[in-house]
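**Student:** Residue numbers (numbering that gives the first Met the number 0), protein chains in the order written: chain A, 0 to 245; chain V, 0 to 220.
Not one of these hints is a red herring.
Sample of chain A residues at the chain V side, in silico, Cβ under 7 Å:
hint, residue
1, G41
2, G43
3, R60
4, Q61
5, T63
6, A92
7, V94
8, Q95
9, V113
10, A115
11, T151
12, N185
Calculated Cβ distances over 12 Å to all of chain V for the following chain A residues:
hint, residue
13, D35
14, G53
15, V105
16, Y130
17, T133
18, R139
19, G158
20, W167
21, R168
22, V169
23, V173
24, N196
25, G207
26, A217
27, I224
Please keep in mind that the hints were generated in silico from the structure rather than gathered at the bench.
Computed from a predicted structure; not experimentally measured.
The beta-carbon is built from N, C-alpha and C at its ideal position, and this holds for glycine as well.
Okay, here's what each chain looks like letter by letter:
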Amino acid sequence: MHPFLITGLLLLASLVPSGAGAAAVESVMVQDPYIDLHSGPGRGYPVTQVVERGGSVALLRQRTDWIKVRTDRDREGWVHRSQLERTLTPGGAEVQLAGPGPESRVQHRWEVGVGAGDFDGADTVAVTASYALTESLFVRADVSQLLGSYSTGWLGTAGIGHIFMPQWRVSPFVSIGGGVVYVDPNATLVQTSNRTNTVAYAGAGLRGYLSDRFLLQAEYRQFVIFMDTNDNEVINEWTVGFTHFF
Amino acid sequence: MDRRLHAFLLNAAVVAGAIGAPSAVLAQDTVGAAADAPQVVEPRVARRDVSTPAIDTENFEAGLFIGTVSIEDFGSSFLYGGRIAYHFTEDVFAEASIGSAKAGTTSYEDLSGSAQLLTNSERQYTYYDLALGWNALPGEVFLGGKRAMPSAVYATLGVGSTRFGGDDHFTLTPGAGFRLLVTDWLAAHLDARDQMFDSDLLGKTKLTHNLQFSISLTAFF
Numbered sequence: 000m001h002p003f004l005i006t007g008l009l010l011l012a013s014l015v016p017s018g019a020g021a022a023a024v025e026s027v028m029v030q031d032p033y034i035d036l037h038s039g040p041g042r043g044y045p046v047t048q049v050v051e052r053g054g055s056v057a058l059l060r061q062r063t064d065w066i067k068v069r070t071d072r073d074r075e076g077w078v079h080r081s082q083l084e085r086t087l088t089p090g091g092a093e094v095q096l097a098g099p100g101p102e103s104r105v106q107h108r109w110e111v112g113v114g115a116g117d118f119d120g121a122d123t124v125a126v127t128a129s130y131a132l133t134e135s136l137f138v139r140a141d142v143s144q145l146l147g148s149y150s151t152g153w154l155g156t157a158g159i160g161h162i163f164m165p166q167w168r169v170s171p172f173v174s175i176g177g178g179v180v181y182v183d184p185n186a187t188l189v190q191t192s193n194r195t196n197t198v199a200y201a202g203a204g205l206r207g208y209l210s211d212r213f214l215l216q217a218e219y220r221q222f223v224i225f226m227d228t229n230d231n232e233v234i235n236e237w238t239v240g241f242t243h244f245f
Numbered sequence: 000m001d002r003r004l005h006a007f008l009l010n011a012a013v014v015a016g017a018i019g020a021p022s023a024v025l026a027q028d029t030v031g032a033a034a035d036a037p038q039v040v041e042p043r044v045a046r047r048d049v050s051t052p053a054i055d056t057e058n059f060e061a062g063l064f065i066g067t068v069s070i071e072d073f074g075s076s077f078l079y080g081g082r083i084a085y086h087f088t089e090d091v092f093a094e095a096s097i098g099s100a101k102a103g104t105t106s107y108e109d110l111s112g113s114a115q116l117l118t119n120s121e122r123q124y125t126y127y128d129l130a131l132g133w134n135a136l137p138g139e140v141f142l143g144g145k146r147a148m149p150s151a152v153y154a155t156l157g158v159g160s161t162r163f164g165g166d167d168h169f170t171l172t173p174g175a176g177f178r179l180l181v182t183d184w185l186a187a188h189l190d191a192r193d194q195m196f197d198s199d200l201l202g203k204t205k206l207t208h209n210l211q212f213s214i215s216l217t218a219f220f
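Next up, chain A with everything else stripped away, as it sits in the complex (with noise of 0.2 Å):
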């Protein structure tokens, strides 16, 4: 196996473009007084360069809100996003830079979160994926793994949801859906053999905004099991989790 990683990795070294001059560059015209270029992508780099208004920056890469800059005496540095929100193209026209801004919270079409929680005592780690057809309207699917002392087990649901005060830092939603569940029960605990049902859920919770980009979410669900005899089963379900939108 090491030779193999030793490939790897060294294949993976030499896929990856490297170097800041390869791409096209792009550059832009100061309009904030001065912008500043620190020595790395975070705020608390120590500023080593100021360009003053009317000056032009190349742009090179950009990693979360941090955009790297050379300037035209061939100095490079770190600037924020938000003092470059307000440059010009050498055209005239507005910049634009990849990035959320308050409206995102309401206006985001997708979303995709990790969770983890109680699914009848096992416990689940989720996956979930949401689509917003509306600012309340959603869809909805998620994979959990179920991970009891008895049993192991995978859940699949798809659902359609909505949520209450999509303005609101902290807002109610509902959903319903249905999907499948399919339990292994542990081999030397039990002897039984593997199951695979259709389910169908109704569940309520809380989500809240952390930043312009993710927020945290506690949901509660209800699950009904179409069992093979007559008697449905009743399972509940509680999940935490944190949820990024884009």
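Given the coordinates of chain A, assemble chain V onto it according to the supplied hints.
**Tutor:** Coordinates of chain V only, in the frame set by chain A:
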């Protein structure tokens, strides 16, 4: 545009209401007159030219790691795996990782000579982990007097599943690491993690701590 039209119609209606109340015919004339009148305020709205520069946004980070994991009661083993991270802000990132190792033998198995607690395939230790990380201590590392490289000490907390001894176990993984940006796109990591899960392999159920140390090389893209 809609708003201006709307405001204009509203104005016209108010004017019509104030002047032309006596008769409907008069009101109609007034509206017609208002529409014909020259515009008093010329809107001075310049067209906004917006350009989105083709700038390389590098928020993903992926790479491979090697290290050692001390599987409780089963000795230490070579560990390898892969990781992919997404950086939300300069402070917070999410990371998914998978890893694999082959567990050794317990002291009991070694001393008894022939007893085997697990089959060969059950000794395979594989896991996945979905973690949230926080760059707690960002900084710079100096190499000599000319070179400074951005670095960060970060803390992570992950949930996931570990397959070991024929079963999947819910796993909570707190950890800490150090990231050094060798170049703008290449980073080296040192990581320490504790994979905690309940195991009943040796009779009674207990919480096991499986400490792992790894080094990794990752690329931003």
